[in-house]
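Turn these sequences into a full structure, and let the hints guide you.
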Amino acid sequence: MKISLNWIKDYVEIPETIDLTSLAYDLTMSTVEVEGVTDLSKKFDNIVVGEIIEVLPHPNADKLRICRTLLGEEEKRIVCGGINVREGLKVAVACPGAKVRWHGEGDLVEIGLSKIRGEESYGMICASSEIGLAELFPSEKEAEITELPEDLKSGTPLAQALSLNDIILEIDNKSLTNRPDLWGHYGIAREIAALYNLPLKSIETVNFENIPAMELNIEDTQRCRRYSCWKMEGLSVKPAPYEMQVRIWSVGLRPINALVDITNYVMLATGQPTHAFDADNISGHITVRRAQENEKLLLLNGKELALNTDDLVIADNESAVGLAGVMGGSKDSVLPTTDKVILEIANFEPKGIRRTATRYETRTEAASRYEKAIDTQRCDDAVSLSLSLFKSIYPEMNISGHCEVYAEKTAVKEVEVSLDYLNRRLGKEIPVEDIKDKLNRLGFTVEIDKDILKVTAPSWRSTGDISISADIMEEVARMYGFENFEPTTITTSFMGAINQTDIDIERKIKEYLAFRCGLTEIFTYPWMTDEYINAVLKTADNAVMLSTPPAPDEKFIRSSLLPNLCKAVSENLRYYNEFSVFESANIFNNSEYVSAYDEREKLPLEKKSFAGAVVGSYAEIDTLFCKTKGIIEYLPKYAQCVSFTFDKVNKPIWADETVWLNILCNDKVIGNIALLSKKVSLDCGIKNSAVMVFEFDFESIIPYPSRTNTFEHLAEYPMVNYDVSMLFDTNVTWNEIFKAAFGKGADDLLKNVSFVDEYKGKQVPEGKKSVTIRLTVGSSTKTLTSEEIENKANAVMKRLKKTL
Numbered sequence: 001m002k003i004s005l006n007w008i009k010d011y012v013e014i015p016e017t018i019d020l021t022s023l024a025y026d027l028t029m030s031t032v033e034v035e036g037v038t039d040l041s042k043k044f045d046n047i048v049v050g051e052i053i054e055v056l057p058h059p060n061a062d063k064l065r066i067c068r069t070l071l072g073e074e075e076k077r078i079v080c081g082g083i084n085v086r087e088g089l090k091v092a093v094a095c096p097g098a099k100v101r102w103h104g105e106g107d108l109v110e111i112g113l114s115k116i117r118g119e120e121s122y123g124m125i126c127a128s129s130e131i132g133l134a135e136l137f138p139s140e141k142e143a144e145i146t147e148l149p150e151d152l153k154s155g156t157p158l159a160q161a162l163s164l165n166d167i168i169l170e171i172d173n174k175s176l177t178n179r180p181d182l183w184g185h186y187g188i189a190r191e192i193a194a195l196y197n198l199p200l201k202s203i204e205t206v207n208f209e210n211i212p213a214m215e216l217n218i219e220d221t222q223r224c225r226r227y228s229c230w231k232m233e234g235l236s237v238k239p240a241p242y243e244m245q246v247r248i249w250s251v252g253l254r255p256i257n258a259l260v261d262i263t264n265y266v267m268l269a270t271g272q273p274t275h276a277f278d279a280d281n282i283s284g285h286i287t288v289r290r291a292q293e294n295e296k297l298l299l300l301n302g303k304e305l306a307l308n309t310d311d312l313v314i315a316d317n318e319s320a321v322g323l324a325g326v327m328g329g330s331k332d333s334v335l336p337t338t339d340k341v342i343l344e345i346a347n348f349e350p351k352g353i354r355r356t357a358t359r360y361e362t363r364t365e366a367a368s369r370y371e372k373a374i375d376t377q378r379c380d381d382a383v384s385l386s387l388s389l390f391k392s393i394y395p396e397m398n399i400s401g402h403c404e405v406y407a408e409k410t411a412v413k414e415v416e417v418s419l420d421y422l423n424r425r426l427g428k429e430i431p432v433e434d435i436k437d438k439l440n441r442l443g444f445t446v447e448i449d450k451d452i453l454k455v456t457a458p459s460w461r462s463t464g465d466i467s468i469s470a471d472i473m474e475e476v477a478r479m480y481g482f483e484n485f486e487p488t489t490i491t492t493s494f495m496g497a498i499n500q501t502d503i504d505i506e507r508k509i510k511e512y513l514a515f516r517c518g519l520t521e522i523f524t525y526p527w528m529t530d531e532y533i534n535a536v537l538k539t540a541d542n543a544v545m546l547s548t549p550p551a552p553d554e555k556f557i558r559s560s561l562l563p564n565l566c567k568a569v570s571e572n573l574r575y576y577n578e579f580s581v582f583e584s585a586n587i588f589n590n591s592e593y594v595s596a597y598d599e600r601e602k603l604p605l606e607k608k609s610f611a612g613a614v615v616g617s618y619a620e621i622d623t624l625f626c627k628t629k630g631i632i633e634y635l636p637k638y639a640q641c642v643s644f645t646f647d648k649v650n651k652p653i654w655a656d657e658t659v660w661l662n663i664l665c666n667d668k669v670i671g672n673i674a675l676l677s678k679k680v681s682l683d684c685g686i687k688n689s690a691v692m693v694f695e696f697d698f699e700s701i702i703p704y705p706s707r708t709n710t711f712e713h714l715a716e717y718p719m720v721n722y723d724v725s726m727l728f729d730t731n732v733t734w735n736e737i738f739k740a741a742f743g744k745g746a747d748d749l750l751k752n753v754s755f756v757d758e759y760k761g762k763q764v765p766e767g768k769k770s771v772t773i774r775l776t777v778g779s780s781t782k783t784l785t786s787e788e789i790e791n792k793a794n795a796v797m798k799r800l801k802k803t804l
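For the sequence shown, our numbering assigns the number 1 to the initial residue and increments by one for each residue that follows.
Hints are computed from structural coordinates only; laboratory data are not their basis. One should not assume that every hint holds.
Stated by the list, open to error - Each computed DSBU-like pair below joins lysine-lysine, with the alpha-carbon atoms no more than 30 Å apart:
| id | residue 1 | residue 2 |
| --- | --- | --- |
| 1 | 391 | 2 |
| 2 | 436 | 450 |
| 3 | 668 | 739 |
| 4 | 627 | 538 |
| 5 | 801 | 760 |
| 6 | 751 | 739 |
| 7 | 798 | 769 |
| 8 | 153 | 43 |
| 9 | 602 | 296 |
| 10 | 627 | 608 |
| 11 | 43 | 2 |
| 12 | 508 | 627 |
| 13 | 555 | 607 |
| 14 | 141 | 76 |
| 15 | 555 | 679 |
| 16 | 792 | 782 |
| 17 | 679 | 627 |
It should be emphasised that the depicted structure is a prediction, and the values quoted were computed from it without experimental measurement.
Have a look at this one:
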């Protein structure tokens, strides 16, 4: 937000002893963050008012003229191509050293002495676009130079002649989000007055008597707590006074005409938005109501909306004429023929305005202020300033109607705070009279009852900013000056360590994947590209759509980590043939919604997920699969969580027909390991490389409680490894072999079954494979005999034959 220091001085006299650097610093330290201070006049250095006393033809160019130009006491010859140059014209002359934009485009260029087509030219006679004044002095044709008012004196610096000697403070909007009282020059002036203990001028109240009543209907007084409208006749569409135009332009708005400029001026001055309807385009009387479902409204900016019942509209007897608190409709706009208006000064409920402005992507100066929560009493200042401006610009105008509905007055906040609390939390004892004085300057009233301060906030601070004792402490601290407090050591006691296994496990998994398994962690954007959604997930039915996507093909937020993982694999294959990566991040699913605060603002279910890819050659698919499965199989051991098992339950849509497994935890499917199918790989731009992918739901992992570990002795008796080779059908999986080997009736002598080797060749019948498995057999009470070991191995082979 931009603030004009000249405008501020209308309300508070700032002593010359307070320099700009100090003012910006003090405001930043106490109230709002001042990002920059700009001297507006510096933009017009070496640009002065000139008077053309004679126009001569250029001997070497038909479209150029030589202008004898008076710059104070000096006369200079300037070559100019303006189509409207003439004798007696007052113009803006950029002297050598000035900086302009040629034809209003490109970077600033410094003007110097030059020759144009053989003729010397002192500087340049400028068009308004070339010196940044196109909005104050618009021209109909591109080749026209700026015609300045005739009463200006030649040789006068342009900034001085056009009242551009102003200082602009640039304030970070985020720093005043919770301070709606500061969204206008009067609010900032009030803070400066309090900061330096200066008197604040009040906005002059204008009273009009015997005004006929108008009809007004407010259907939703919760969404519209105050609505004041004034009908004024005897007006016309004409330029606003130049001083008003400069004020509006200097803080970033474009002057339009007097009727519109008055409403903008009042908003920028008081922080209270206002709106002018063309009275001839209002049928019947004004009604403030909820919109009908799919009701159509064409806004001033040309956007046509299909409204819903959550939107608040301003309507006449026929239809909606404006989106309340956001933007007026084209039907009610001020036209070149407008001679009477209905002025709206209203207060709307902030949450509804924010939802509507966001829904239709229509951010306006009015909506930005209403959504911060403005007090209803501020309408009084806006009414007084509006009526005085209309009366001064249109002396013959007549107020032919007025009506107001004041449904709810902003209640002032009352907070009790003890002196002990303030002194203890501030770390410094401040005299109670000083506390009272500093709060009084800000508009607070203070009653003292022994050790208790009963503080009443003004209405402009009672819309959510002030509510608890800490808020009063903050007001006292910032007015006292944060630099006046000495730093003290905070005493903190730790009662004991908290073992957060669910938090620690995420770090353990990342360290395991990165340090032990050699995977590189990657970070991708939270949105997915349509190309990879279609390639990997095939559909975006479960994905949440963004209302303002970063790109047209990135409108869905991730419902799985795999699309972005495959994109990362595709891009990295340009540089590496073999690599392994993983990512952990939150995913969002629109099939389930949670409502934390407000049923109307439900949020999609959010879960943390892990995914990774092991990339290599198609000739090494077996190795890639074993490596990937090994990574997942041993993860629980190092992350200290419940072990995983593997089975084929549901094949992922992106997986190869054969090479896939589901990851289970306590018999619940929590993820997958699979080879990316060839079609998916090609759709992702992955050629001639095998990509083994894993993904699992982090929140389904069950960490072991660390305090239930038990000690077990190492085996006192030897364990024996017994290798067995058997023929199986080629479609038999290792998971089936492993389960069958143990069987339902296996005793505790069989400690483990592990895979050794697989062979297919001439000696093996077609459709079969030879699998070598290793049986680990042993007892915890004795050394087994050869016969006992043989019997156990035979029992395992018998179960395998029977089952598989």
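Against which earlier hints does the structure fall short, listed by number upward? none
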